[in-house]
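Chemist: Here's the letter readout for the chains.
Protein chains: 2
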Amino acid sequence: MSVTETQPEPAAPPSEKTRLRRYNWLAKYDRDTINAIIDAGIVCQVGYVIDGMPYVTPTNHWRIDDYIYWHGSSASRMLKAQQQGIPVCFTVTHLDGIVFSRAAFNHNIKFRSVMAFGDAELCEEDLKRNALQIFTDRLAPGLWDYARPPTEQEWKASKVLRLKLDEVSAKVSDGLPEEEAEDYASARWAGSIPLRLVQLSPVADPKLAENVTMPDFVKNFRYGSRT
Amino acid sequence: MSVTETQPEPAAPPSEKTRLRRYNWLAKYDRDTINAIIDAGIVCQVGYVIDGMPYVTPTNHWRIDDYIYWHGSSASRMLKAQQQGIPVCFTVTHLDGIVFSRAAFNHNIKFRSVMAFGDAELCEEDLKRNALQIFTDRLAPGLWDYARPPTEQEWKASKVLRLKLDEVSAKVSDGLPEEEAEDYASARWAGSIPLRLVQLSPVADPKLAENVTMPDFVKNFRYGSRT
Numbered sequence: 001m002s003v004t005e006t007q008p009e010p011a012a013p014p015s016e017k018t019r020l021r022r023y024n025w026l027a028k029y030d031r032d033t034i035n036a037i038i039d040a041g042i043v044c045q046v047g048y049v050i051d052g053m054p055y056v057t058p059t060n061h062w063r064i065d066d067y068i069y070w071h072g073s074s075a076s077r078m079l080k081a082q083q084q085g086i087p088v089c090f091t092v093t094h095l096d097g098i099v100f101s102r103a104a105f106n107h108n109i110k111f112r113s114v115m116a117f118g119d120a121e122l123c124e125e126d127l128k129r130n131a132l133q134i135f136t137d138r139l140a141p142g143l144w145d146y147a148r149p150p151t152e153q154e155w156k157a158s159k160v161l162r163l164k165l166d167e168v169s170a171k172v173s174d175g176l177p178e179e180e181a182e183d184y185a186s187a188r189w190a191g192s193i194p195l196r197l198v199q200l201s202p203v204a205d206p207k208l209a210e211n212v213t214m215p216d217f218v219k220n221f222r223y224g225s226r227t
Numbered sequence: 001m002s003v004t005e006t007q008p009e010p011a012a013p014p015s016e017k018t019r020l021r022r023y024n025w026l027a028k029y030d031r032d033t034i035n036a037i038i039d040a041g042i043v044c045q046v047g048y049v050i051d052g053m054p055y056v057t058p059t060n061h062w063r064i065d066d067y068i069y070w071h072g073s074s075a076s077r078m079l080k081a082q083q084q085g086i087p088v089c090f091t092v093t094h095l096d097g098i099v100f101s102r103a104a105f106n107h108n109i110k111f112r113s114v115m116a117f118g119d120a121e122l123c124e125e126d127l128k129r130n131a132l133q134i135f136t137d138r139l140a141p142g143l144w145d146y147a148r149p150p151t152e153q154e155w156k157a158s159k160v161l162r163l164k165l166d167e168v169s170a171k172v173s174d175g176l177p178e179e180e181a182e183d184y185a186s187a188r189w190a191g192s193i194p195l196r197l198v199q200l201s202p203v204a205d206p207k208l209a210e211n212v213t214m215p216d217f218v219k220n221f222r223y224g225s226r227t
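If you're matching them up, the sequences are chains Y and F in order. Mapping to my numbering: the first sequence position 184 is 184, numbers consecutive. Mapping to my numbering: the second sequence position 211 is 211, numbers consecutive.
Among these hints, one or two may not hold up.
Copies of the same chain are indistinguishable here, so a pair counts whether it falls within one copy or spans any two.
[Claimed, not checked] Derived lysine-lysine pairs resembling BS3-like cross-links, with alpha carbons at most 27 Å apart:
{"hint": "1", "residue 1": "80", "residue 2": "17"}
{"hint": "2", "residue 1": "80", "residue 2": "28"}
{"hint": "3", "residue 1": "17", "residue 2": "28"}
{"hint": "4", "residue 1": "28", "residue 2": "207"}
{"hint": "5", "residue 1": "207", "residue 2": "164"}
{"hint": "6", "residue 1": "128", "residue 2": "156"}
Calculated directly from the structure, the hints in this document are not laboratory data.
Turn these sequences into a full structure, and let the hints steer you where they fit.
Modeler: Below you can see the structure in the form of structure tokens.
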């Protein structure tokens, strides 16, 4: 696909909730930027309210088109609450570095984050099965066909929730110090130390059956290029 | 210090909120484990409720003794709400790997996470100043003395919140697949791909003044050993 074929979607007008107030020059509202940040991670944080109290649960997520999906056990307290269609706050954050500044209060982090608000929605059976298959193959292409398929019992014990990406915004910091004009002239060093999530060599389960070899989807796994 | 001198604190009886129900064999309630997970990160997620709606804000955190601290601008909507002493849910999560299992529904992630509940508390002036200095020197030892000190205006523009670690639990997965007994015998590979957050070489601010050299706290910075 040539570059000219890729038209970024126009920036959606943010809602009052998703409009960034603090550091608003870091805000991004275009869907390509938002999707790339969501797709770069596999662990999100979902916030919700039960009996007036805040809960934040780290969980796996994946995106299909304009929806974020997450899953869990049918017995999960979080999912039992969310399947009622309650409001949730979805966030994903990537820590990309530490920024040292000339002024003590300007140290910062380099990061990419997305925040989305909306009502959770329980996926019905067909959508659930399709979404879980897509999730599995996103983790590693070919993983769904390789693994032992779920039993009906296992299907029943699993739920999938989703959230439509309507009220959503991203925040991207470039890692450069932001200083007062007079501080730039000072004889102090400033800059950043980038951080990266890297993968190490695969580790086989000690309980592996004899003569089982590592499948290609493990050999070829690249964390940063799953999508 | 010899091994016998290090007595882990007894596991606190978890509250109904922090008692892990799902995957409860991964639960850890001892303070050493909890502190190590908190201290290994610099970005947490704080959940809170405004007008009945859930909000989750990624922010920097640090721990001093039995308190988690975070900071922000005095003008921040989050801090203005939290300084009233409202309930918050603090979480920190480290993604340590991806676990491939023999059964499609047993894929998992290797992770360490902490969750804490309580009421946020606004730090008064002396505590705020002390806590921010400790935070800065935790980022890199010597950073506080090296940087241009905050003006009274900057001090005024900053707030620090904290949360006492009373209702707190950790969850640690070891990265081994957990399978049905019959699946272990199958001719399918299972294992994990570890993930690590690593640091790259420092990048100097392009706006550096002439003849400014990199300070030792940058040269010696090691992300994993800040505390």
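Chemist: My question is about residue 17 and residue 28: at a cut-off of 27 Å on alpha-carbon distance, are they close within one copy, between copies, both, or neither?
Modeler: Classified as within: same-chain Cα gap 14 Å, cross-chain 36 Å, threshold 27 Å.
Chemist: Using 27 Å as the alpha carbon limit, work out where residue 128 and residue 156 are close: within a copy, between copies, both or neither.
Modeler: within (10 Å within a copy, 51 Å between copies)
Chemist: Cα distance capped at 27 Å. Does residue 207 pair with residue 164 within a copy, between copies, both, or neither?
Modeler: Neither: 41 Å inside a chain and 42 Å across chains, both beyond 27 Å.
Chemist: From the Cα coordinates, with 27 Å as the cut-off, is the pair residue 28 and residue 207 best called within, between, both, or neither?
Modeler: So residue 28 and residue 207 pass the 27 Å test across copies only (25 Å; inside, 47 Å).
Chemist: When no copy is specified for residue 80 and residue 17, does a C-alpha distance of 27 Å or less occur within a copy, between copies, both, or neither?
Modeler: Both: 26 Å inside a chain and 16 Å across chains, each within 27 Å.
Chemist: Quick one: residue 80 to residue 28, C-alpha cut-off 27 Å, is that within a copy, between copies, both, or neither?
Modeler: Between copies only: 24 Å across, 33 Å inside.
Comparing the model with each earlier hint shows a violation of hint 5 alone; every other hint is respected.
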